[in-house]
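Participant: Note that the protein sequences, when read in sequence, are chains S and A. Take the first sequence: its position 126, counted from the start at 1, is 126 in the numbering used here, and no numbers get skipped. Take the second sequence: its position 465, counted from the start at 1, is 465 in the numbering used here, and no numbers get skipped.
These are calculated hints, taken from the structure and not from any lab test. Some hints here could point you the wrong way.
Unchecked claim - The calculated lysine to aspartate or glutamate pairs, modelled on EDC-like cross-linking and capped at a C-alpha distance of 16 angstroms, are:
| # | chain 1 | residue 1 | chain 2 | residue 2 |
| --- | --- | --- | --- | --- |
| 1 | S | 44 | S | 88 |
| 2 | S | 65 | A | 639 |
| 3 | S | 106 | S | 88 |
| 4 | A | 267 | A | 605 |
| 5 | S | 106 | S | 75 |
| 6 | A | 382 | S | 34 |
| 7 | A | 337 | A | 269 |
| 8 | S | 65 | A | 200 |
| 9 | S | 65 | S | 88 |
| 10 | A | 267 | A | 200 |
| 11 | A | 382 | S | 88 |
| 12 | S | 65 | S | 75 |
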Amino acid sequence: MTRKQSRATLIGGAIAGLSVALLLVLFALRSGVDYFYTPTRVVKHEVGPGINFRLGGLVAAGSVKRGQGTTVSFDVTDTAATVPVVYDGILPELFREGQGIITVGKLEADGRFRATTVLAKHDENYMPPEVAKALKEQGVWQGNTKPGVKQ
Amino acid sequence: MIIEIGHFALVLALMLAATQLIVPALGAHRRDAGLMAVAPPAAVTQFVAIGVAFGVLTYAYVTSDFSVENVWANSHSAKPLIYKISGVWGNHEGSMLLWVLILALFGAAVGVFGSGLPLSFRARVLSVQAALSVAFLLFILLTSNPFMRLVPPAPEGQGLNPILQDPALAFHPPFLYAGYVGFSMAFSFAVAALWEGRIDAAWARWVRPWTLFAWAALTVGIAMGSWWAYYTLGWGGWWFWDPVENASFMPWLAGTALLHSAVVMEKREALKIWTLLLAILTFSLSLMGTFLVRSGVLTSVHAFAVDPRRGIAILAILGVFIGGSLALYAWRAGDLKAGGLFQPISREGALVLNNVLLTTAAATVLIGTLYPLGLEALNGAKISVGAPYFDRTFVPLMIPLLVAMPVGALLSWKRGDLRAALQRLVAAAIAALVFGALAVALVRRGPWLAPLALMLGGWVVFGALTEWGARIKAFSSSFDESARRARNLPRSAHGAMLAHVGVGLVVIGITGATAWNSETVSTITPGETVSIAGYGLTFRGAAPRRGPNYQETVGRFDVTRGLRPVTTLEPTKRIFTAPRQATTQAAIYNALAGDLYVVLGDALDGGGYVVRAYFHPLVRLIWIGALVMGLGGLLSMSDRRLRVGAARRARTGADAPLPAE
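Kindly produce the complete structure, drawing on both the sequences and the hints.
Facilitator: And the structure:
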């Protein structure tokens with residue numbers, strides 16, 4: 001093969017590989033990502049049941065109840081709206097009422113959010129950035145700490 | 001007073017770096033050997049100055065000098081000594097200081113050991129290296145000065161984030177930074193080559209040891225981070241595709257590609273222009289990694305100190321270096337002479353495939369990491385890109401890479417014989433099949449893809465051994481002859497074999513831990529037993545215990561297999577006193593087949609606890625494999641052909657590289 005031919009083979013192969021990769025990326029980005037919703041947006045039915053998403057907010061005061069075995073139920077609020085959450089598993093350390101958390105899961109038909117993961121930082125002052133931003137938009141942000149900044 | 005010496009040393013380092021940036025560059029331009037000779041002593045003294053600054057900060061931490069704001073904010077007098085020391089780089093300011101210290105160390109190493117490099121080339125390399133130093137020293141002095149005083153001094157510090165008080169994490173940043181910053185050498189060499197307008201096989205030989213070192217350090221650093229996340233976060237996972245993890249993984253992928261393309265360039269003088277681009281891209285991804293971790297622009301489960309102002313400063317540095325080097329590349333790369341010819345089916349062709357797949361994989365990780373940022377900027381939607389995305393993009397790209405790996409290594413340079421290579425791999429293929437079949441026979445459950453993935457891992461391991469075995473004639477000559485051949489084989493051949501075996505082990509470990517993982521969550525009261533993967537865990541109650549700077553609740557579990565007692569596991573929940581934070585310490589029993597992993601959860605009314613238990617088959621192979629890869633890298637680096645001065649000694653030989661002047 002001449003220099004030109006071998007270069008053409010290489011470039012052709014590389015382009016073919018890149019196209020396949022691009023297709024994979026586009027395909028994966030259609031369904032492989034989770035959107036973040038606040039309780040207000042969930043209550044407005046912006047997301048339907050059966051779709052995986054991230055729900056963030058504060059754990060509402062007085063809402064944490066232990067059920068059978070390892071199930072726990074609690075409410076997540078952004079102070080304007082509240083979504084009931086059920087979770088089966090170990091809650092993170094420092095999960096407590098008033099704490100900013102993110103939960104990942106799906107809405108059920110009855111409007112409850114079934115969480116598969118509950119994320120809270122291992123830090124008393126931490127507020128997940130999305131939650132902090134949502135609270136600021138609600139005008140109820142009163143934290144003296146910037147999100148993520150250790151004081 | 002001592003603190004001010006450290007501060008002064010840092011300013012002095014900035015002046016020295018500025019000198020090292022300008023004078024050698026001027027010397028190289030005017031071909032003035034005197035001016036060029038300024039570079040090595042400047043690099044060495046700059047390193048000494050930064051070393052003094054770093055030493056002073058360490059001293060302030062060890063003596064708990066709370067008149068220094070940085071020490072006050074990140075340390076506590078009751079902390080164990082090792083975490084006082086690791087606290088130096090456990091925060092933003094200190095970690096940036098460590099960053100420039102390592103940068104200066106590499107510069108000084110070129111100054112001291114680089115006498116084999118052409119004078120003007122070395123001057124340019126050190127000048128580029130100094131430009132990086134200037135940028136980061138300015139950044140430290142203007143936005144993140146660790147030597148700021150606290151007036152009046154505080155009586156006690158605020159303490160280091162407890163999740164950072166861990167042996168693996170104490171040494172995770174130095175390794176990671178040695179990797180990130182190590183790639184700066186490849187970058188400086190590439191920019192210097194473009195600047196000088198000539199490049200040859202010797203360039204690849206000079207760059208390879210630095211790249212190998214950076215790559216090995218990064219491999220070990222990433223493995224340490226993963227190991228830490230595995231046993232401290234209490235989730236039992238070892239990789240989360242978190243932006244901070246991706247930030248270290250992208251330079252690793254690009255760096256792996258760079259290592260391989262540099263081999264082609266060294267042996268065949270081909271892929272020169274591509275290798276230069278990869279060197280620039282790899283370090284650019286390292287810089288971007290620093291930016292992502294330090295700026296906090298991305299939501300991360302473990303984003304540490306973040307401050308948008310600093311983010312913008314790092315972004316500016318990023319823009320100057322990445323934009324500048326790519327512009328220089330666009331301007332000068334066309335002038336470089338193209339290299340040797342090769343057929344698509346050849347060692348070079350296989351390494352091109354390796355490069356295409358690895359860089360594409362790095363690009364998919366980059367897209368997955370930055371897509372949330374872009375989308376939020378476009379329409380305000382907040383999303384997170386998680387494991388499903390990476391499973392669908394990254395994994396399919398790795399499969400052809402792993403399949404081709406043993407084949408490529410057996411093809412000859414320039415024009416390879418695919419059929420002959422495959423014939424030599426028949427034994428390895430049979431071994432891999434047997435390996436997969438054994439797994440099916442032993443486990444008999446789990447996804448049908450798992451045995452295939454195990455075969456792939458086995459294929460890589462046996463393939464690497466086949467190639468190595470063929471080179472020492474392990475099967476076709478006496479033991480003494482093989483041993484003699486093994487001794488005479490260049491160290492880089494042993495290193496490549498080890499690194500490839502390591503890759504195979506990682507694949508096997510990932511497969512085992514993903515496909516056959518078992519997990520149970522239950523509530524348990526003392527005397528009750530949970531069973532998982534053939535083990536029984538009997539809860540013996542929980543009791544409080546005091547540590548040096550924490551209180552903990554220790555759960556006790558007697559582990560049995562059948563009727564035979566195996567061990568006692570003590571998972572704990574720790575509450576640190578300063579700052580008040582809680583951490584989970586999983587208890588792990590390391591059985592041959594995998595890890596039994598127990599986490600103590602919340603206390604329930606009536607003395608019960610929520611308990612999570614996992615069995616992670618083969619999971620250790622992930623970190624063992626990474627260590628083997630790192631060792632392979634170091635072994636290759638010690639190859640005598642790659643010593644920095646080797647080019648000069650080789651010049652008398654037949655295949656002497658062209659002197660640059």
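Participant: With reference to the structure, classify each hint as holding or not holding.
Facilitator: The hints, checked one at a time:
Distance check on the hinted pair: residue 44 of chain S and residue 88 of chain S sit about 26 angstroms apart at the alpha-carbon level, beyond 16 angstroms; violated. Taking the CA atoms of residue 65 of chain S and residue 639 of chain A, the gap is about 63 angstroms. The hint is violated against a cut of 16 angstroms. With a C-alpha separation of about 13 angstroms, the suggested pairing of residue 106 of chain S with residue 88 of chain S holds against the 16 angstroms cut-off. With a C-alpha separation of about 70 angstroms, the suggested pairing of residue 267 of chain A with residue 605 of chain A is violated against the 16 angstroms cut-off.
The suggested pairing of residue 106 of chain S with residue 75 of chain S holds, with an alpha-carbon distance near 15 angstroms, which does not exceed 16 angstroms. Of the supplied pair hints, the one linking residue 382 of chain A and residue 34 of chain S holds, its CA atoms being roughly 9 angstroms apart against a limit of 16 angstroms. For the suggested pair residue 337 of chain A and residue 269 of chain A, the alpha carbons sit about 10 angstroms apart, so the restraint of at most 16 angstroms is met. Restraint check: the Cα-Cα separation between residue 65 of chain S and residue 200 of chain A comes to about 70 angstroms, which exceeds 16 angstroms; the hinted pair is violated.
For the hint pairing residue 65 of chain S with residue 88 of chain S, the CA-to-CA distance comes to about 12 angstroms; that is within 16 angstroms, so the pair holds. A distance of roughly 10 angstroms separates the Cα atoms of residue 267 of chain A and residue 200 of chain A; the hinted pair therefore holds under the 16 angstroms criterion. About 26 angstroms separates the Cα atoms of residue 382 of chain A and residue 88 of chain S, which puts this hinted pair outside 16 angstroms; it is violated. Distance restraint check for residue 65 of chain S and residue 75 of chain S: the Cα-Cα separation of roughly 10 angstroms lies within the 16 angstroms cut-off, and the hinted pair is therefore satisfied.
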